[in-house]
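Peer 1: Mapping to numbering that gives the first Met the number 0: the sequence shown position 63 is 62, numbers consecutive.
Just to be clear, a hint being listed does not mean it is correct.
Using C-beta positions, here's what the derived DEER-type ranges look like [unchecked claim]:
1) 65 - 35: 18 to 26 Å
2) 11 - 96: 28 to 36 Å
3) 92 - 33: 14 to 22 Å
4) 127 - 8: 15 to 23 Å
5) 97 - 34: 14 to 22 Å
6) 43 - 63: 22 to 30 Å
7) 7 - 96: 26 to 34 Å
Please keep in mind that the hints were generated in silico from the structure rather than gathered at the bench. Don't be surprised by glycine CBs; every beta carbon is placed ideally from N, CA and C.
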Amino acid sequence: MKKHGILNRHLSGALAELGHTDGVLVCDAGMPIPAGPRVVDLAFRAGVPSFAEVLEGLLAELAVEGATAAQEVRDANPAAASLLAGHFPDLAYVTHERLKELTSGARLVVRTGEASPYANVLLRCGVFF
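Starting from the given sequences, assemble the full structure and let the hints guide the process.
Peer 2: Now the structure itself:
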(Lines of atoms letter the chains of each structure in order from A and count residues from 1; the text may use other names and numbers.)
(Lines give C-alpha, C1' and ligand atoms only; values in the text may rest on other atoms or scores of the structure.)
Protein backbone atom coordinates (compact mmCIF):
# COMPACT_ATOMS: atom_id res chain seq x y z
CA MET A 1 0.00 0.00 0.00
CA LYS A 2 1.17 3.54 -0.75
CA LYS A 3 2.71 5.19 2.28
CA HIS A 4 1.93 8.81 1.36
CA GLY A 5 0.58 10.95 -1.43
CA ILE A 6 -2.84 10.37 -2.96
CA LEU A 7 -4.28 7.06 -1.83
CA ASN A 8 -7.50 7.05 -3.88
CA ARG A 9 -6.65 4.54 -6.58
CA HIS A 10 -8.91 6.13 -9.18
CA LEU A 11 -7.40 9.57 -8.70
CA SER A 12 -3.83 8.33 -8.43
CA GLY A 13 -4.20 6.37 -11.68
CA ALA A 14 -5.88 9.25 -13.51
CA LEU A 15 -3.11 11.67 -12.49
CA ALA A 16 -0.45 9.25 -13.74
CA GLU A 17 -2.07 9.27 -17.18
CA LEU A 18 -2.03 13.06 -17.60
CA GLY A 19 0.31 14.77 -20.02
CA HIS A 20 1.47 18.25 -20.90
CA THR A 21 -1.42 20.69 -21.49
CA ASP A 22 -4.12 18.24 -20.33
CA GLY A 23 -6.92 19.95 -18.43
CA VAL A 24 -8.02 19.01 -14.91
CA LEU A 25 -11.17 20.54 -13.47
CA VAL A 26 -11.28 20.69 -9.68
CA CYS A 27 -14.85 21.55 -8.82
CA ASP A 28 -17.41 21.98 -6.08
CA ALA A 29 -20.31 19.60 -5.64
CA GLY A 30 -22.64 21.83 -7.65
CA MET A 31 -20.60 22.26 -10.84
CA PRO A 32 -22.24 20.60 -13.85
CA ILE A 33 -19.98 17.80 -15.03
CA PRO A 34 -19.72 17.47 -18.79
CA ALA A 35 -19.93 14.15 -20.60
CA GLY A 36 -16.57 12.95 -21.82
CA PRO A 37 -13.83 13.58 -19.24
CA ARG A 38 -12.88 10.94 -16.71
CA VAL A 39 -14.54 11.80 -13.39
CA VAL A 40 -13.20 11.05 -9.94
CA ASP A 41 -15.91 11.97 -7.46
CA LEU A 42 -14.43 12.48 -3.99
CA ALA A 43 -17.56 14.08 -2.50
CA PHE A 44 -18.50 12.35 0.73
CA ARG A 45 -20.91 14.90 2.19
CA ALA A 46 -21.35 18.67 2.04
CA GLY A 47 -17.94 20.21 2.62
CA VAL A 48 -16.01 16.93 2.75
CA PRO A 49 -13.46 16.93 1.29
CA SER A 50 -13.09 20.67 0.90
CA PHE A 51 -12.00 22.39 -2.28
CA ALA A 52 -8.87 23.63 -0.49
CA GLU A 53 -7.87 20.14 0.73
CA VAL A 54 -8.29 18.59 -2.70
CA LEU A 55 -6.51 21.42 -4.50
CA GLU A 56 -3.57 21.28 -2.06
CA GLY A 57 -3.28 17.52 -2.56
CA LEU A 58 -3.41 17.78 -6.34
CA LEU A 59 -0.83 20.55 -6.47
CA ALA A 60 1.55 18.36 -4.47
CA GLU A 61 1.25 15.73 -7.21
CA LEU A 62 0.93 17.76 -10.43
CA ALA A 63 3.05 20.16 -12.44
CA VAL A 64 0.67 23.00 -13.37
CA GLU A 65 1.51 25.67 -15.94
CA GLY A 66 -1.73 27.62 -15.82
CA ALA A 67 -5.16 27.90 -14.26
CA THR A 68 -8.53 29.42 -15.09
CA ALA A 69 -11.38 30.30 -12.72
CA ALA A 70 -14.73 32.04 -12.92
CA GLN A 71 -14.48 35.79 -12.43
CA GLU A 72 -17.54 35.58 -10.18
CA VAL A 73 -15.43 33.86 -7.49
CA ARG A 74 -13.87 37.20 -6.54
CA ASP A 75 -17.19 38.62 -5.28
CA ALA A 76 -19.16 35.49 -4.39
CA ASN A 77 -16.47 33.46 -2.61
CA PRO A 78 -13.57 35.56 -1.26
CA ALA A 79 -12.03 32.57 0.57
CA ALA A 80 -11.79 30.52 -2.65
CA ALA A 81 -10.60 33.59 -4.57
CA SER A 82 -7.82 34.15 -2.03
CA LEU A 83 -6.80 30.49 -2.14
CA LEU A 84 -6.61 30.52 -5.93
CA ALA A 85 -4.73 33.83 -6.10
CA GLY A 86 -2.21 32.50 -3.59
CA HIS A 87 -1.45 29.47 -5.74
CA PHE A 88 -1.78 31.04 -9.17
CA PRO A 89 -0.48 34.63 -9.46
CA ASP A 90 -1.30 34.59 -13.19
CA LEU A 91 -4.77 33.09 -12.75
CA ALA A 92 -6.94 33.68 -15.81
CA TYR A 93 -10.54 34.71 -15.21
CA VAL A 94 -13.50 33.99 -17.48
CA THR A 95 -17.23 34.09 -16.88
CA HIS A 96 -18.72 31.09 -15.09
CA GLU A 97 -20.60 30.19 -18.27
CA ARG A 98 -17.34 30.22 -20.23
CA LEU A 99 -15.63 28.10 -17.56
CA LYS A 100 -18.40 25.51 -17.93
CA GLU A 101 -17.80 25.50 -21.70
CA LEU A 102 -14.04 25.05 -21.23
CA THR A 103 -14.54 22.07 -18.92
CA SER A 104 -15.79 19.97 -21.83
CA GLY A 105 -12.17 19.88 -23.04
CA ALA A 106 -10.80 18.69 -19.70
CA ARG A 107 -9.29 15.24 -19.51
CA LEU A 108 -10.11 14.78 -15.83
CA VAL A 109 -12.76 16.16 -13.45
CA VAL A 110 -12.16 15.92 -9.70
CA ARG A 111 -15.35 16.63 -7.78
CA THR A 112 -14.97 17.76 -4.18
CA GLY A 113 -17.59 17.95 -1.47
CA GLU A 114 -17.29 21.74 -1.41
CA ALA A 115 -20.65 23.44 -0.92
CA SER A 116 -19.73 27.08 -1.53
CA PRO A 117 -20.21 29.01 -4.80
CA TYR A 118 -17.63 29.13 -7.58
CA ALA A 119 -15.06 26.89 -5.85
CA ASN A 120 -13.86 25.62 -9.22
CA VAL A 121 -10.62 25.84 -11.14
CA LEU A 122 -9.45 24.44 -14.45
CA LEU A 123 -5.78 23.46 -14.28
CA ARG A 124 -3.51 23.09 -17.30
CA CYS A 125 -0.84 20.48 -16.74
CA GLY A 126 2.76 21.40 -17.20
CA VAL A 127 5.91 19.32 -17.23
CA PHE A 128 8.21 18.71 -14.28
CA PHE A 129 11.47 19.14 -16.20
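Peer 1: Please test the hint of 14 to 22 Å on the beta carbon pair from residue 97 and residue 34.
Peer 2: 18 Å, holds
Peer 1: Regarding residue 92 and residue 33, is the given constraint of 14 to 22 Å on their beta-carbon distance met?
Peer 2: Given a distance of about 20 Å, which is inside 14 to 22 Å, the answer is holds.
Peer 1: Range first: 28 to 36 Å. Now tell me if the beta carbons of residue 11 and residue 96 are that far apart.
Peer 2: 32 Å, holds
Peer 1: Confirm or reject the claim that residue 127 and residue 8 have a C-beta distance inside 15 to 23 Å.
Peer 2: Taking Cβ atoms as reference, residue 127 and residue 8 lie about 22 Å apart, which means the hint holds.
Peer 1: Starting from the hint 22 to 30 Å, judge whether the C-beta atoms of residue 43 and residue 63 obey it.
Peer 2: At roughly 25 Å between Cβ atoms, residue 63 and residue 43 fall inside 22 to 30 Å, so the hint holds.
Peer 1: Is it true that the C-beta distance of residue 65 to residue 35 lies inside 18 to 26 Å, as the hint says?
Peer 2: Holds, at about 21 Å.
Peer 1: Take a look at whether the Cβ-Cβ distance between residue 7 and residue 96 falls inside 26 to 34 Å.
Peer 2: 30 Å, holds
Every hint from the earlier list agrees with this structure, and none is contradicted.
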